[in-house]
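Chains A, B and C supply the protein sequences, listed in that same order.
Heads up, the first sequence stops at 353 in this note's numbering, and the numbers go up one at a time, no gaps.
Heads up, the second sequence stops at 353 in this note's numbering, and the numbers go up one at a time, no gaps.
Heads up, the third sequence stops at 353 in this note's numbering, and the numbers go up one at a time, no gaps.
A portion of the hints provided could be inaccurate.
One copy or two, it doesn't matter: identical chains are merged, so the pair holds either way.
[Stated by the list, open to error] No farther apart than 25 Å at their CA atoms in a straight line, the calculated lysine-lysine pairs in the DSS-like style are these:
| no. | residue 1 | residue 2 |
| --- | --- | --- |
| 1 | K233 | K207 |
| 2 | K207 | K247 |
| 3 | K166 | K233 |
| 4 | K6 | K152 |
| 5 | K6 | K166 |
| 6 | K331 | K207 |
| 7 | K152 | K166 |
| 8 | K152 | K331 |
| 9 | K233 | K247 |
| 10 | K247 | K166 |
| 11 | K207 | K6 |
| 12 | K233 | K155 |
| 13 | K6 | K331 |
| 14 | K247 | K6 |
| 15 | K207 | K155 |
| 16 | K6 | K233 |
Read the hints as simulated data drawn from the structure, not as lab findings.
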Amino acid sequence: MSKVKTNAGNFFEDFAVGQVLQHATPRTITTGDVAVYNSLYGPRFAVQSSTTFAQAIGYHEAPVDDLLVFHTVFGKTVPDISLNAIANLGYAECWFLEAVYPGDTLSAASEVIGVRENSNRASGVVYVRTTGRNQSGRVVLSYVRWVMVRKRDKASPEPTAVVPKLAERVEPANLGQAVPTLDLGRYDFTLSGSPYRWRDYAAAEKIDHADGMTLEEAEHQTATRLYQNTAKVHFNLHEQAQGQFKRRLVYGGVVISLSRALSFNGLANAFHIAAINAGRHVAPCFGGDTVYAWSEVLETAEIPGRRDIGAVRARLVAVKNRACADHPLKTPAGEYAEGVILDLDLWLVLPR
Amino acid sequence: MSKVKTNAGNFFEDFAVGQVLQHATPRTITTGDVAVYNSLYGPRFAVQSSTTFAQAIGYHEAPVDDLLVFHTVFGKTVPDISLNAIANLGYAECWFLEAVYPGDTLSAASEVIGVRENSNRASGVVYVRTTGRNQSGRVVLSYVRWVMVRKRDKASPEPTAVVPKLAERVEPANLGQAVPTLDLGRYDFTLSGSPYRWRDYAAAEKIDHADGMTLEEAEHQTATRLYQNTAKVHFNLHEQAQGQFKRRLVYGGVVISLSRALSFNGLANAFHIAAINAGRHVAPCFGGDTVYAWSEVLETAEIPGRRDIGAVRARLVAVKNRACADHPLKTPAGEYAEGVILDLDLWLVLPR
Amino acid sequence: MSKVKTNAGNFFEDFAVGQVLQHATPRTITTGDVAVYNSLYGPRFAVQSSTTFAQAIGYHEAPVDDLLVFHTVFGKTVPDISLNAIANLGYAECWFLEAVYPGDTLSAASEVIGVRENSNRASGVVYVRTTGRNQSGRVVLSYVRWVMVRKRDKASPEPTAVVPKLAERVEPANLGQAVPTLDLGRYDFTLSGSPYRWRDYAAAEKIDHADGMTLEEAEHQTATRLYQNTAKVHFNLHEQAQGQFKRRLVYGGVVISLSRALSFNGLANAFHIAAINAGRHVAPCFGGDTVYAWSEVLETAEIPGRRDIGAVRARLVAVKNRACADHPLKTPAGEYAEGVILDLDLWLVLPR
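Bound-form chain A, shown alone (with noise of 0.2 Å):
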């Protein structure tokens, strides 16, 4: 008899502290993937877009989108780390360490630093940090992931539980390490689209983006294959049909990367994510809802030994089916107010 060759994914009591997982399928990133990565969010920041601005300004050629990046690199681990996952409940120290440009090959591996069973006894809750490199073995992101996973057999023994002590923010001195010294003087602030630069931002301010983009089926499944992402929930209408929704749910990923897409209505010179500080799906996104964005500023931050970029700490909140001039986040409750679908703590660099 054969064995199963097919992947079931790993359940809760598969994962032990100290465990690292090499995800298969390294990926080539290539201006293709750019040319589809715009074409379904449509983003406008002017180092990524144009080779002649990257390289004015210091960089080889125009980077590839930091969150291209970051979803190549999180769909990697999908079939090892949460294909049993019932959800994925949040981000912390995630930054980004050195830029990837076309031609680059992205591969990515995670170690479990912590699990945590839950006291139903069916699930737990699972810590990895994920580590993206390049073809030459370089760090290029690194972030923390915790998901709720299914155990396979409710008897199987609980773990001592380990919770690893996350920091609440990616400190200055360790942002913009992607980011080149920049000739600001050949930064042109036509050419990206605004004269607005680290120093015009300050805590507390608030941007409504403006503008919404409704989500067609069709556009968040090419995304989400795009990242060789796999989980089903994302692409299975014929299962999820049955299931809580009665319809597919839109990768998260993909919300990150619209409202990201929105933000340039505001943030235009936050050409940079540095970090994710923070992340959290607040409710579930759908095929037809229409995605709308608003940040707050949260801190502006120098960073230590850069004169040319300043780092602004963003709360990027992304909202569906609702305009965001009034900067909907939470009732008078404390809970999240409805309509709200992304909470997320960013370190944006700007040119200073």
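Guided by the hints, dock chains B and C onto chain A, whose structure is given.
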């Protein structure tokens, strides 16, 4: 208090004759963009499809589709020119001056060449001449368009009306500058898909392009984002559902590209659009519509100094939800016939 | 009076045994096309996904997916072979002879190798052997297909019936020509996603590929246009709404690519389709259908002269709107079971 950083677009009173607007986000066109473009429309012109075909006749490599160039340049103008537009009224004097190749970076600027307030005092017509340039600063495309734009304040003073005199058609002497001298002996009329060349077309000939293509919401949105065109009417169903049409409007450029791709069947050797003499989006197109097209030859012309290529002036008509065997255009009363959505006057270049 | 310049396609009486048709529109395959292809199906085979993986084992760079090559070549034949087809009846003797890399230009020609009029005198079956070549003139792909084509005129004389004798399967000695000699020591079975190699598969083994993918209209249209396939049944809802199915038909090649991508889960190291021995589109597929797939190993074979790779002959079955844990294929009466849409007989290549 921080300044509002979101772009609200220009209103009628923000435009003045002589004003030059440099548009944001230069864009490097890659083979990835070409592939996305091809997958959305399915053009089959051999020169743009095949490096070997293009090089055999004298191009450096396969040039980028003229309309991908046009839409990319056009897309850049939207945040500055037409964010508050009520209607895109027309195009004229559009000509292509230089071939664009993958790797080239396009940027755009517009000069205001006319303004005329409407008698309702609530809006006016703005005429701009837009210039698209490559990374060397060379003009690849120049065109005039005029749009009806809302006033911010009905009470603001009426400007002196300036209405530019526009040519009825681009002069044949100005055509073909984007086409290198062709080695016609190496132009393979089998590989190109048709034996018909310039001399085989004559004024008054009508060609039904036969095929029809149904347009999905995901397709026109993806196309429009590829051009970084942010006009909200194309993307936001949540908002549009409250509007006149209750639906998203398809970007007119999608209809242009679709009918151009369909025109291969009958005009396979018209490998280059040298000029758009005039263009009118006669009626709106929506997701779910099926687009058909037909062409009428208006005139043919030699291009001074060129023995390799000649020009065919054609009216390209796109029609929705109705086949074009009877070449629908106008009613006996002179109105556009039901279903006609585009009436475009083009100079096409064919081998002699 | 001008000649009709629109291609009406060939009818049954236009085909004669021995005739060779050179098809139009050579096409340069770019990394852009690869990216669009990947975003539409989500394949994860490491050789095609990663330049570094491919180069480590002996490829110049990541080769183009075999099916993108197949569909591109196939697409070129449509205007000449199957524009007036009633049905695409089958494939045989399809083998891949040379790796295709991004930048290669593909063209196609077909030789008529059989004709047989149907007893109804209204149509007949045409057999063609199609050859796809790269820019150096080297054959990359050769296959036979047969289609039922309408007659232009029922009264036209019946040709002498010629029915080619087709091999039941491609000989193992002919397999693997598109695969360079592999350095197996550098084939990383962790990165490739599975430890199972050639020797781990045995005849009669059945593999449920587990995942299902719902197909949107925009997705299959985009895929089919990518191949420059113009068969109207895939694109024209306005016309199809009047026909038998009331809907657009999904191009069969989309189902092939989708089930191939799904087959990664269970066949991750079957990185190359060396041959298609036979293929049948058992039932139509429509937008909104969810496609599942399973495989049965029919035989395994050594490839003479190759110690690096071996061949697995597999039946790849695609099924719609029904999971495949029970490997649906035929009813007790020998008919295809409800839901089966594709029955494909493939030679796959795996590392030994």
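Q: First find the shortest C-alpha distance between K207 and K247 inside one copy, then the shortest across copies, and answer within, between, both or neither for a cut-off of 25 Å.
A: neither (36 Å within a copy, 31 Å between copies)
Q.
Please sort K6 with K166 into within, between, both or neither, judging by C-alpha distance up to 25 Å.
A. Classified as neither; 37 Å inside a copy, 37 Å across copies.
Q) From the Cα coordinates, with 25 Å as the cut-off, is the pair K6 and K233 best called within, between, both, or neither? A) For K6 and K233, the Cα distance is within 25 Å only inside one copy (18 Å; across copies 40 Å).
Q: Please work out whether the CA atoms of K6 and K152 approach to 25 Å or closer within one copy, between two copies, in both situations, or in neither?
A: within (21 Å within a copy, 49 Å between copies)
(Q) Regarding K152 and K166, is the shortest C-alpha distance of 25 Å or less found within a copy, between copies, in both, or in neither? (A) within (24 Å within a copy, 56 Å between copies)
Q. Which holds for K233 with K207 at a C-alpha limit of 25 Å: within a copy, between copies, both or neither?
A. between (36 Å within a copy, 22 Å between copies)
Q: Please work out whether the CA atoms of K233 and K155 approach to 25 Å or closer within one copy, between two copies, in both situations, or in neither?
A: Classified as within: same-chain Cα gap 23 Å, cross-chain 51 Å, threshold 25 Å.
Q | Same-copy or cross-copy closeness of K166 to K233 [CA-CA at most 25 Å] | A | neither (31 Å within a copy, 43 Å between copies)
Q: Up to 25 Å between alpha-carbons, please classify K247 paired with K166: within, between, both or neither.
A: neither (37 Å within a copy, 50 Å between copies)
**Q.** Same-copy or cross-copy closeness of K331 to K207 [CA-CA at most 25 Å]
**A.** Answer is within; shortest intra-copy Cα gap is 15 Å, inter-copy 52 Å.
Q. Are the CA atoms of K247 and K6 at most 25 Å apart within a copy, between copies, both, or neither?
A. The answer is neither: 30 Å in one copy and 40 Å across copies each exceed 25 Å.
Q. When no copy is named, should K207 and K6 be tagged within, between, both, or neither for a Cα gap of at most 25 Å?
A. between (52 Å within a copy, 10 Å between copies)
Of the numbered hints given earlier, the model fails hints 2, 3, 5, 8, 10, 14 and 15; all others are met.
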